[in-house]
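> Sequence:
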Amino acid sequence: MTTPADGYAHPEYLTDAAWVAAHLDDPDVVVLDCANTADAWQRGHIPGAPHVADNWAKNPNTPIEPGARGQHVMSPEQFKAMAEGYGIGDDTTVVTYDHAQGLTAARIWWVFRYYGHSNVKVLNGGWRAWVNAGQAVDFGRPKAPASVTFTPRADESFIITGDELKEACALDGGARDNVVVWDVRSDAEWDGTAANYSNKRIGHVPGAVHLEWFHLMDRNTHEFKPAAEIRSILTDHGITPDKTAYSY
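Its first residue numbered 548, the sequence shown is counted upward by one per residue in the working numbering.
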């Protein structure tokens with residue numbers, strides 16, 4: 548890992564290629580390839596890593612628009628089945644990675660955390676870090692998963708509802724002094740020049756600050772920027788530790 552761990556509040560949320568390589572044969576470690584498509588996984592992946600079929604872990608039974616994927620996280624029963632299908636039990640260390648600057652890997656990391664599984668890490672730098680480190684690449688299918696039990700324990704504090712967000716914000720003048728609403732979407736989605744297919748209206752939450760997520764990533768290494776640099780970027784946008792931050 549070229550990004551120093553010093554300064555991060557939770558450096559244990561990240562891992563590096565060397566640690567993953569050293570644990571490929573560990574039965575208590577499962578590495579998940581969170582590539583956007585199965586084709587990307589088939590072109591090469593970390594040995595033993597299965598492809599997460601739906602890297603957003605969304606519930607297919609709650610579509611917003613006809614033909615659109617559901618926007619809500621999988622139900623406990625759905626996520627339990629998915630985790631156990633990959634051989635992930637309550638005591639398993641999970642490592643997620645992608646080739647999208649951490650976008651999809653971080654989403655799966657978040658869902659595991661939402662369902663109470665804290666032993667999950669993101670491979671800092673993802674597929675690029677793995678290849679650049681000269682680690683082994685596989686093209687085959689992973690072995691059959693072990694028989695395990697995953698117990699989902701949803702932590703609702705990870706999610707805020709629309710009504711709760713309205714209460715937290717003074718919509719006539721923006722967010723309250725102790726609240727910051729962080730819009731991580733693209734510039735075009737923020738200013739309404741492009742509409743996401745699942746958004747019924749264009750624009751953004753009144754009073755929200757705009758900072759697209761990838762500004763916290765190193766575009767060359769796909770690693771998270773150093774903690775001090777990230778902290779400076781967030782502070783410049785009013786996203787500070789003294790405020791409750793809500794992101795979308």
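Source of the hints: derived by calculation from the structure; they are not laboratory data.
The structure presented is a predicted model; accordingly, all values stated were derived computationally and were not measured.
Ideal Cβ positions, reconstructed from N, Cα and C, are used throughout, including at glycine.
Mixed in with the good hints there might be a few duds.
[What the hints assert, rightly or not] Estimated spans, in silico, between C-beta atoms of each pair:
1. A556 <-> R766: 36 to 44 Å
2. S733 <-> P753: 15 to 23 Å
3. A568 <-> D724: 43 to 51 Å
4. P753 <-> S704: 42 to 50 Å
5. A735 <-> T696: 31 to 39 Å
[As the list claims (entries may be wrong)] Calculated cross-link-like contacts (lysine to aspartate or glutamate; reagent style EDC-like; alpha-carbon spacing at most 20 Å):
6. K790 <-> D765
7. K627 <-> D685
8. K790 <-> D734
> Give a verdict on every hint.
Verification of the supplied hints:
1. For A556 and R766, the hinted distance range of 36 to 44 Å is not satisfied, since their beta carbons lie about 23 Å from each other.
2. Separation of S733 from P753 is about 19 Å and conforms to the stated range, judged on CB atoms against 15 to 23 Å.
3. In this structure the hint that A568 and D724 lie 43 to 51 Å apart at CB holds, the actual value being about 47 Å.
4. Look at P753 against S704: about 24 Å separates their beta carbons, and that is not inside 42 to 50 Å.
5. Look at A735 against T696: about 44 Å separates their beta carbons, and that is not inside 31 to 39 Å.
6. Proposed proximity of K790 and D765 is contradicted: the alpha carbons are some 26 Å apart, above 20 Å.
7. Among the hinted pairs, K627 with D685 is inconsistent with the structure: their alpha-carbon atoms are about 27 Å apart, more than 20 Å.
8. Taking the CA atoms of K790 and D734, the gap is near 24 Å; set against the 20 Å cutoff, the hint is violated.
In this structure, the hints that do not hold are numbers 1, 4, 5, 6, 7, 8, in rising order.
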